[in-house]
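Protein chains in written order, with our numbering: chain A, 201 to 481; chain B, 1093 to 1256.
Treat the hints as calculated values from the structure; they're not laboratory data. Glycine included, C-beta positions come from ideal geometry on N, C-alpha and C. One or more of the hints may lead you astray.
[Stated by the list, open to error] Chain A is faced by these chain B residues, among others (derived, beta-carbon under 7 Å): (1) 1105; (2) 1136; (3) 1157.
Listed here are the chains, written in short residue letters.
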Amino acid sequence: MLPYKAMFAALLCIITGRAAGQELFVYSEPASNMPARSTGIRLTNWLMNQASGNGTDYHLIPELMWGPNRNLMVHAEGFLSNRSAGNAFAWEGAGLYAKYRFFSRDGVFRHFRMAAFGRAATNNGAIVQEAIQVNGLNSGYQAGLVATQLLHKTALSVTGYYERATDNRQGHEFPAARPGEALSYMLSAGHLMLPKVYKSYNQVNLNLMAEMIGQWLPATGQQYIDIAPSVQFIFRSQARLDVGYRQELYSNMQRAAPNGLLVRFEYLIFNITRPGHTVTN
Amino acid sequence: MAQIKSAHLVASGLTCSMCSKAIYKALEALPAVMTVEADIEHSAYDVVFKPGSDIAPDELKKAVEDAGFFVAALDITVTVSNAAVANDAHINIGAATYHFIDVKGQTLNGDVKLTLVDKNYVPAGVHKKYGRKTSMKCFATGYMDSCCPQHEKGNNKRVYHVTI
């Protein structure tokens, strides 16, 4: 069974820490949050190869991120793509994502953290596949847990979540005969490759990541498993460029465009509001 | 008035420079802070405060925790004149009260480095080690209790536990 062999190989990489990138994962989010009172912008591009034909599904996901306090972060995201009739690039929907860090055990150069997250999104695109994806393809919601372990230059993370697809807008109903519920998981590993020694915030950081992304539809037992290696550059310790490739390893469900490139730019703005004087002697 | 002149802080829970910069920016944003110098490789920060400002160690801790991390070590430098310290006893320096642990009785003058040993300023094991050197209840909470001479019932004032 090839997919399970590949899964085992990837898991081995993750366990031995040889797979690489730190915890600013490209396909998943770590349990850590952005700093309190900071904000960030993120532009994610997906260039996915259509399973039927040679076309490309292009998605653009702009996100506004905000950390109201040390434990909570919120993203507002928009979904645009060229999937509509005539391949016109159009606005398809929007989503809200929130993550709450509820456990931290930190040491010098290490931490173990856990967080709960949820997302609700709308989408007005046609429903053309069995796989469920609330960020970008389906209206619906998701809720899950993530646990992240940082061990000096290596980070490992496990994410598990429930997803429920509802009818897409503009008359694109979710087919009644198809399962609308999915259980998804991500196993992520990252390693800081460069710099070898930190001297300045202006040094370019290079992280290598490997992530495994899977989905299971409990009603039918269908599933897919993808592998997604990526490379990440961090500039001036506050801008991020991610380039990743997602490749299906195994699937027995119908998917419109499972394989393709991800290119993301992110910029973090610290201290958007000033800290208050809340501590007294 | 005596005040904290500078601080050396080590943070825990991070490796990367983006995390380190979050702490740097959080410290820099504190109104009392004049300069921050970061040693990214060791997650350490040297902070110098504005003359005349009065900052509490808890404000530094809150800045680090708001950035998403924790304090692993904090040394503060205070300027004192004829400050008589005794083991397991309090003195006031500036607006804050400090409880000295594991020290010899002595009179301090000039710039003195104090190491915080309160909960969440050192790893749990280190806090526990200093806890064995005092029987006072205020060590566990960081707030004055019936053990403290300045304790007023119903008005629990912060007391920082330090060693030299």
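Each hint tested on the structure:
no.	hint	verdict
1	1105	holds, 3 Å
2	1136	violated, 10 Å
3	1157	holds, 6 Å
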